[in-house]
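Asker: Given next are the chains, with one letter for each unit.
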Amino acid sequence: MLEHIELFFKSIFIDNMVFATFLGMCSYLAVSKKVTTAVGLGAAVIFVLAVTVPMNWLLDQYLLRDGALAWLGPEYADYNLSFLSFILFIATIATMVQLVEIVVEKFSPSLYNSLGIFLPLIAVNCAILGGSLFMQSRDIQTLGLAFNYGLSSGIGWFLAILAIAAIREKIRYSNVPAPLRGLGITFIITGLMAIGFMSFGGMLTGGDEAVPQEEVVAVVPTQEVSGLTADAAQQDLSQNENETVQEDSPATDNQINE
Amino acid sequence: MGILSKKDAALILDPLADNNPITIQVLGICSALAITAELEASIVMAVSVLFVMGMGNVVISLMRNIIPSKIRIIVQLVVVATLVIVVDQVLKAFAYELSKTLSVFVGLIITNCIIMGRFEAFALANGPKRSFLDGIGNAAGYGFILVVIGFFRELLGSGTLLGIKVLGDPIEKTGLYAFGYENNGFMLLSPMALIVVGLIIWVQRSRNPALIEEN
Numbered sequence: 001m002l003e004h005i006e007l008f009f010k011s012i013f014i015d016n017m018v019f020a021t022f023l024g025m026c027s028y029l030a031v032s033k034k035v036t037t038a039v040g041l042g043a044a045v046i047f048v049l050a051v052t053v054p055m056n057w058l059l060d061q062y063l064l065r066d067g068a069l070a071w072l073g074p075e076y077a078d079y080n081l082s083f084l085s086f087i088l089f090i091a092t093i094a095t096m097v098q099l100v101e102i103v104v105e106k107f108s109p110s111l112y113n114s115l116g117i118f119l120p121l122i123a124v125n126c127a128i129l130g131g132s133l134f135m136q137s138r139d140i141q142t143l144g145l146a147f148n149y150g151l152s153s154g155i156g157w158f159l160a161i162l163a164i165a166a167i168r169e170k171i172r173y174s175n176v177p178a179p180l181r182g183l184g185i186t187f188i189i190t191g192l193m194a195i196g197f198m199s200f201g202g203m204l205t206g207g208d209e210a211v212p213q214e215e216v217v218a219v220v221p222t223q224e225v226s227g228l229t230a231d232a233a234q235q236d237l238s239q240n241e242n243e244t245v246q247e248d249s250p251a252t253d254n255q256i257n258e
Numbered sequence: 001m002g003i004l005s006k007k008d009a010a011l012i013l014d015p016l017a018d019n020n021p022i023t024i025q026v027l028g029i030c031s032a033l034a035i036t037a038e039l040e041a042s043i044v045m046a047v048s049v050l051f052v053m054g055m056g057n058v059v060i061s062l063m064r065n066i067i068p069s070k071i072r073i074i075v076q077l078v079v080v081a082t083l084v085i086v087v088d089q090v091l092k093a094f095a096y097e098l099s100k101t102l103s104v105f106v107g108l109i110i111t112n113c114i115i116m117g118r119f120e121a122f123a124l125a126n127g128p129k130r131s132f133l134d135g136i137g138n139a140a141g142y143g144f145i146l147v148v149i150g151f152f153r154e155l156l157g158s159g160t161l162l163g164i165k166v167l168g169d170p171i172e173k174t175g176l177y178a179f180g181y182e183n184n185g186f187m188l189l190s191p192m193a194l195i196v197v198g199l200i201i202w203v204q205r206s207r208n209p210a211l212i213e214e215n
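Note that the protein sequences, when read in sequence, are chains Z and H. So the first sequence is numbered by the numbering used here: it starts at 1 and just counts up by one. So the second sequence is numbered by the numbering used here: it starts at 1 and just counts up by one.
For the record, the hints were derived by calculation from the structure and aren't laboratory data. You may find that some hints are simply not true.
Simulated crosslink set (DSBU-like; lysine-lysine; CA at most 35 angstroms straight-line) [to be verified]:
id: 1; chain 1: H; residue 1: K70; chain 2: Z; residue 2: K106
id: 2; chain 1: H; residue 1: K92; chain 2: Z; residue 2: K10
id: 3; chain 1: H; residue 1: K70; chain 2: Z; residue 2: K34
id: 4; chain 1: H; residue 1: K100; chain 2: H; residue 2: K7
id: 5; chain 1: H; residue 1: K129; chain 2: H; residue 2: K7
id: 6; chain 1: Z; residue 1: K33; chain 2: H; residue 2: K173
id: 7; chain 1: Z; residue 1: K10; chain 2: H; residue 2: K100
id: 8; chain 1: Z; residue 1: K10; chain 2: Z; residue 2: K34
Put together the whole structure using the sequences plus the hints.
Answerer: And the structure:
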């Protein structure tokens, strides 16, 4: 239960689709001129993400990943089809979007009228494919967690587009420098909002959890530290070695002399 | 431009400036922002998109008369996805470290709106040669912005270009660092990518007032 709550808030605020990974920026910029249309698109994104991420989780688990075909029999256990994941994920998404469109049109015409025009757009929204790809690369463990991840990333995207649409409605009355009007100022506002959202980063690591994390970092410094720090560490080591060698050598000389 | 007529040359040159996919058409923003903290990653991304767009535009243009218009989106997605798998496998084989840096963003070329946008707007209505030029032109316009953003973010953020320390060594205090210059680590964080794009748009539109939008 705790991991569900953690994943939920993490995907909404810390790993927010728009502000942390820039997914779905195209529709985010294009459809955020009015709050009502933004709400429609945001709702459609939540819906489609919550459906497609668990679907693709099943595909990944039982068809694509290394050894996933073991349920067919031991002779299939060596297959690794993960290079096919792009094409299968996008096919799932495109068909699901079509299917959802048909079902919604049949059973809830009013919802269809509010979501309808946005549904086809969503098939090529990078937030949807990104959700599935991040689900795969972050190695989400259970179907429930995958559903949770899809739903909460969708909610995060919804919040982002709602916020920017509200700001853009207001900014129409402000005196923006002419070359920045429209697209330019939207970029800069999104950047500032992203800086604001970065402050959520301490939410899950603050307090009690900070202690075990430090321990983990302390255990594996030499193996996975990247770039500069690794070099610096190596330099330190080699310097230490040099010093010890230098200290040793006169001593041995002395011994020999004696 | 001896081989190309004036109209064909315009197909390549227009997207580089006044019809740029990122700053004017607002397409393909996601990847432009996420992977530009280093110049090298930006260049690889630009080349990958160039390949996928050039080839994809040709394939779609060759098939344009046999694709039923109702299912064209799925056909387009399958063509792009196949090309992207090729790019992904090549990167994994020859530049594994880099493919780790780009992570999911190679896959996200599939949903890069530039590619779908050009398929819909151009390749479905034009012959293979012109479609190829259009694809190359738009991908080059996209890549150009990517390289500009990557250049500034890596230079100001970590003081390097393609991993080479051009501003001197920050630890041993040589070059500019001897005068008290510090790297602006903020440039490496994701929000600065958005602000850099905003500034590029500002510069471009103040040089060419015809591009200024109504509020």
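Asker: With reference to the structure, classify each hint as holding or not holding.
Answerer: Against the structure, the hints come out as follows:
Annotation: proposed proximity of H:K70 to Z:K106 holds, straight-line Cα distance about 19 angstroms (limit 35 angstroms). Between H:K92 and Z:K10 the CA atoms are separated by roughly 30 angstroms; this keeps the pair inside 35 angstroms, and the hint holds. For the hint linking H:K70 to Z:K34, the alpha-carbon distance of about 29 angstroms falls within 35 angstroms, and the restraint holds. At most 35 angstroms may separate the alpha-carbon atoms for a hinted pair to count; H:K100 and H:K7 exceed this at roughly 40 angstroms.
A hinted pair counts as satisfied when its Cα atoms are at most 35 angstroms apart, and H:K129 with H:K7 qualifies at roughly 12 angstroms. Restraint check: the Cα-Cα separation between Z:K33 and H:K173 comes to about 49 angstroms, which exceeds 35 angstroms; the hinted pair is violated. A hinted pair counts as satisfied when its Cα atoms are at most 35 angstroms apart, and Z:K10 with H:K100 qualifies at roughly 23 angstroms. Under the criterion of a C-alpha separation no larger than 35 angstroms, the hint pairing Z:K10 with Z:K34 is consistent with the structure, at around 28 angstroms.
The structure shown violates the earlier hints numbered 4 and 6.
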